[in-house]
Structure formats: structure tokens, C-alpha cells
Amino acid sequence: MIQAGEIPTLTRSPAVGGSESPQRSFNFSKIQNLRELEVGASWIGGSLLWIRMALSTIKPATSPRLSTIKLTFARAPSPPRFSDPPIEGTGGDLQRVADEVARIEREFGTAVNLTVSRDRLFKEVLDTLNVRFLFRRADNLLIRSYPCLVDPSTLTAGLRPPEPYVAQEKSNKAMPGKQN
Amino acid sequence: MVIIPRIPQEIIDEILGHLATDSDHQSLQSCALVSKSWAPSCRRRLFHTIHFTWVNMDRWLEVFPVPEESPANHVKDLCFTVRWHKSLLEAFSKYTFTNVESLTFTGRWGIPPPSLRLPPSATSLTLSLGSVTLVRVRDALAQLPNLDSLSLSGSLNPVGNTLPGIGAALKGRFGGRLQLLKGFAREDVMNMLLEIPTGLHFIEIRIHDARQCPLSAVRLVEACGTTLVKLSYTATSRSEYRLSSWSR
Chain S
1 MIQAGEIPTL
11 TRSPAVGGSE
21 SPQRSFNFSK
31 IQNLRELEVG
41 ASWIGGSLLW
51 IRMALSTIKP
61 ATSPRLSTIK
71 LTFARAPSPP
81 RFSDPPIEGT
91 GGDLQRVADE
101 VARIEREFGT
111 AVNLTVSRDR
121 LFKEVLDTLN
131 VRFLFRRADN
141 LLIRSYPCLV
151 DPSTLTAGLR
161 PPEPYVAQEK
171 SNKAMPGKQN
Chain X
181 MVIIPRIPQE
191 IIDEILGHLA
201 TDSDHQSLQS
211 CALVSKSWAP
221 SCRRRLFHTI
231 HFTWVNMDRW
241 LEVFPVPEES
251 PANHVKDLCF
261 TVRWHKSLLE
271 AFSKYTFTNV
281 ESLTFTGRWG
291 IPPPSLRLPP
301 SATSLTLSLG
311 SVTLVRVRDA
321 LAQLPNLDSL
331 SLSGSLNPVG
341 NTLPGIGAAL
351 KGRFGGRLQL
361 LKGFAREDVM
371 NMLLEIPTGL
381 HFIEIRIHDA
391 RQCPLSAVRL
401 VEACGTTLVK
411 LSYTATSRSE
421 YRLSSWSR
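Quick mapping for you: the protein sequence lines, in order, are chains S and X.
Residue numbering for the first sequence follows the numbering used here, starting at 1 and increasing by one per position.
Residue numbering for the second sequence follows the numbering used here, starting at 181 and increasing by one per position.
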């Protein structure tokens, strides 16, 4: 039980190993009547451990009324005078977020409407990190825009298989006469 | 002699309600001139939502010089985007918006002056302002005893912040919906609001820190306990963080 003055839900990051920086996040097991949850992050670098930690506290036993979870990932826009920076330290976090999303989906089944989306600016990051599973629930439009992000085996029967997007792009770049 | 059947008032209200839903103000204005029995229903709908700017505020004072005869009592949704000055404040203070439910102040200079009496009937307050102090926010909150929805956004001026904080003005009587956006989604504000969470059922926070989750936000959400039904938490990277990390 939390006493007055005590810091609730303060844990250390297992992912950062020896780092002394404390990480804290929401503990949804204490909010038992939560029905709708929206979490969004728009960032360019650093850890997203807090999202993974928050998601790890969502369990059917402690959140029996939860019906909607919406996760949104975006890349913060870049000012024009700076070139796009590399996104550092997000790969492991994203993979763990993906694992938590998979767990929630598995444990809640159809009881929860789970949506994960991301904006266009985020595409390059995902290409680099090859985190496909996280966004397999993206809507048809996004899947068609960036079919290279989608593992065909995860597509449902209602969706069209991805078109050869990457191959076309490569063939355009390799047009004869352009290199001279 | 042709007798025109009398249409029940409920039917008239229903028809006028459809015009209001379609935002057909032109037709509502025409209907207001049909008869005395149509006028009150039309006025109620025409003046349901008023957004005052410095231009139309002067016009309001011109058209309705007698406060008691103005349609101020019909206004439910009231928004101000004005730069308050003494003469405007004096003229406008005579109007009493007794039935206002939703109250909004926006704009860089739109901070409600301390002498402006806010309608106590308001249940929703939105402040989207530039450079406002917490003292001013606290004074505004203290005038609204029936508040169940509060949205604070804009930039917060650290000058003039004093105790007791804004949570004290809401303690024990506020429940419902809380939005903290932009400059108001900060540790000190959320710490002040820790006094009020009982009864909050919807919290929305948009904070400029994607790298970590502030302890005050965690405590605010967890303090709501079983009353919280919806949580929306959005985190974005700070611009200065972006710039410093890119320039390395």
C-alpha cells in the first residue's frame, strides 16, 4: 500500500542494465474501471521504455472493463535547417512494445479493440529496424502505402496481398541512361 | 373566412431545432420575424453559441445597448477572443450570461481580467491562452462552482505563481474531465492538481517529454483510482531536445 510521501510505481529500467536513471510509468492495474486508453508518442530518439512498462501492467484480471486501446507512434517533425537525425535506441524498445501488444491481443482476444498506428515520417525508422509485427494492424490504406512494412503471412483474408512496391522502386532507380 | 390552423409550439420548436442543427442562421433569422410566438425559440437557437472577438463585441454593445433586453440569457456556449481593456470591461460587465454552460477564453491577450464576473452556471471552462499566470487561472476557477470539465492549454507564465495552487480552488467539488495541454502539462501544475482527482473520469495530457513519464502524471492518474474511465496520454519530444541532440 502506498503511504503518504511515498513514490508510487517507481522501478528501474531492466533494459538499461547498469544505468542509474529511474524509469516510471503508469500502472493500469490500479485503475480497474478504465475503459478507453490512448497512448501516443512523437519523438526522435531516446528510450520509450515507459510505454512498454505501462502496457505490461494491462491484464484482463485487473482491467476487466477495458474495451479500447489506441497506440500512436509518430516521428517528431524535423526543422528545415537540420537533416533527419538517426533514431537511436528505439529498436529494442519498439520490439518490446510489439511483444506487449502481442500479449495484450492474445490475453484479451476480441474483448479489446486494439489499434496501433504510425505516421508517414516514421516509415524510415521501421524500415531500418524491421519491426513489422507492431503495425500489422494498421489500416488498409497504410498497408498499401507501405507494403514493404507488412509481413504477408500476417495479412488477413480480406486484405489484398502487397504489390511489388520495393521492386518497382529499385527498377525506377536503375533506369538506363540516368547514370551518364 | 379562412382559418389558419394553429401549429403546436412543440412542432414549431422541432422544425426550428432542425434549422439550428443545420446551422441555417439565415432561415432562423427569417423565422424570428414570423410571429411573437416564434421569436423566443428562434432567439434561443440563434444566440446559443456566441464567439466574441474585438470586432463583434463592439457590435453587440451597439445592437443591444440595454443589457436586460439583450439575448445574453440565451447563450449557452460562450467564447472570448478579445484583448480586454478598461472601457470594454466596464461596458460588458453589465451583461449577465446567466445560463452559460461552456465558457472559453482563447488568444494571446484573452486572459480574463480579475474584475470580470464569470457566469457561475458554467460547467465547462477552456483556457487556451498565451502567457497566463496560475494566479489568474486560480481566480477564474474560484468563480465557477459547478465545473465538471476543465481544459488548460497555452503557455504558462511562471511569474506570479503562488500558493495555494489551482488544485485548492477545485478541491472537493471538481469531477469529470481534465485536459492539460502544451504549457500546462508540466510537473508543478500536475502536482497542484493532485488535490482534486476524486471523481475525475477522463484525463487527457499532452506533454512535451517523450523520453520519460513524469512522476506527477503517474500520481495524478493513479490517484483517480476507480473513477477514471478514459485516459489519453500523448508525449512529444521537446524542440530544444531535438535541436541539441541533432547538433552533436
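Worth double-checking, as some hints may not be accurate.
Below, a list of computed lysine-lysine pairs in the DSS-like style, where the Cα atoms sit at most 30 Å apart [said to hold, decoys possible]: (1) X:Lys-216 <-> S:Lys-59; (2) X:Lys-362 <-> S:Lys-70; (3) S:Lys-30 <-> X:Lys-351; (4) X:Lys-266 <-> X:Lys-216; (5) X:Lys-362 <-> S:Lys-30.
Just so you know, the hints here were simulated from the structure itself, not pulled from any lab data.
Are Lys-266 (chain X) and Lys-216 (chain X) close enough, with their CA atoms no more than 30 Å apart? violated, 37 Å
Hint consistency between Lys-362 (chain X) and Lys-30 (chain S) [alpha-carbon to alpha-carbon, up to 30 Å]: holds, 27 Å
Check whether the Cα positions of Lys-30 (chain S) and Lys-351 (chain X) lie no farther apart than 30 Å. holds, 22 Å
Distance restraint between Lys-216 (chain X) and Lys-59 (chain S), which requires alpha-carbon spacing of 30 Å or less: violated, 61 Å
Please work out if Lys-362 (chain X) and Lys-70 (chain S) have their alpha carbons no farther apart than 30 Å. holds, 21 Å
Of the numbered hints stated above, those contradicted by the structure are hints 1, 4, listed in ascending order.
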